[in-house]
Amino acid sequence: MRDPQALMSAEQLTNILGQSSLRVYDCTTYLETPPPGSDDPYVAVPGRASFEEAHIPGADFLDLQGEFSGASTRLRFMMPATAQLEAAFGRHGLGTDSRVVLYSIGTMMWATRFWWMLRSLGFDRAAVLDGGLDKWKAEGRPTESGPARGYPPATFKAAPRPGFHVAVGRRSQGVTRDKRVICYCGGGISATVDLFLLYQLGHDRLTLYDVSMGEWAKDRSLPIETD
Numbered sequence: 198m199r200d201p202q203a204l205m206s207a208e209q210l211t212n213i214l215g216q217s218s219l220r221v222y223d224c225t226t227y228l229e230t231p232p233p234g235s236d237d238p239y240v241a242v243p244g245r246a247s248f249e250e251a252h253i254p255g256a257d258f259l260d261l262q263g264e265f266s267g268a269s270t271r272l273r274f275m276m277p278a279t280a281q282l283e284a285a286f287g288r289h290g291l292g293t294d295s296r297v298v299l300y301s302i303g304t305m306m307w308a309t310r311f312w313w314m315l316r317s318l319g320f321d322r323a324a325v326l327d328g329g330l331d332k333w334k335a336e337g338r339p340t341e342s343g344p345a346r347g348y349p350p351a352t353f354k355a356a357p358r359p360g361f362h363v364a365v366g367r368r369s370q371g372v373t374r375d376k377r378v379i380c381y382c383g384g385g386i387s388a389t390v391d392l393f394l395l396y397q398l399g400h401d402r403l404t405l406y407d408v409s410m411g412e413w414a415k416d417r418s419l420p421i422e423t424d
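Numbers given in this note's numbering equal positions in the sequence shown, counted from 1, plus 197.
Calculated from the structure, these hints are not laboratory results. Some clues are possibly wrong.
[What the hints assert, rightly or not] Calculated lysine to aspartate or glutamate pairs in the EDC-like style (CA-CA distance at most 16 Å, straight line): (1) K334 - E250; (2) K354 - D294; (3) K334 - E249; (4) K332 - E208; (5) K354 - D321; (6) K415 - D236; (7) K354 - E283; (8) K415 - D237; (9) K334 - E208.
Model the full assembly from the supplied sequences, consistent with the hints where possible.
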């Protein structure tokens, strides 16, 4: 494994819970069936309710769609401006010297999405919790309920890395050449699992097509293969 510190076991997290620099975040979002007549393929529902039912002691909750996605477009989960991310992470107590552990429920893709976002901002002190909350609970490890207590606000200063995600309108600027691996999915979330694994396998030139088919499929001038 290229970077063992990017994947943390439940036992490792248990051993460092309570450290002053530690920041643990539940990143869960649920994709639910839209109401009849809606043109949307799904409704994104923050996992705050399940967080308040049970979460890792001391954890905070991150609302991907509400705080960490662009608000100027109908496309889901688009990477917002750097200033918005700096402010949002700072509100949740993430600073330059923080040690971050990210987890989600049912699938790791919400955690890997935040991991990739942080890496794209130049922050490398983040790990994904192996097995998420499901494995944590299955092992009988402690949880607590109720709203997040939160962390003291911090100053988060990004150092963006170019080429980590493809923004809208940049499809023709040479980012699809064969020496770069571009991962995509329906909305730029599950593709981050592939990026996480490719990174651990030693690949360097990795790019996320942000919002992915959520943008591509709406542009009728672009080709789509079905085979």
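Violated hints, by number in ascending order, as checked against the structure: Nothing - there is no hint that the structure violates, so all of them hold.
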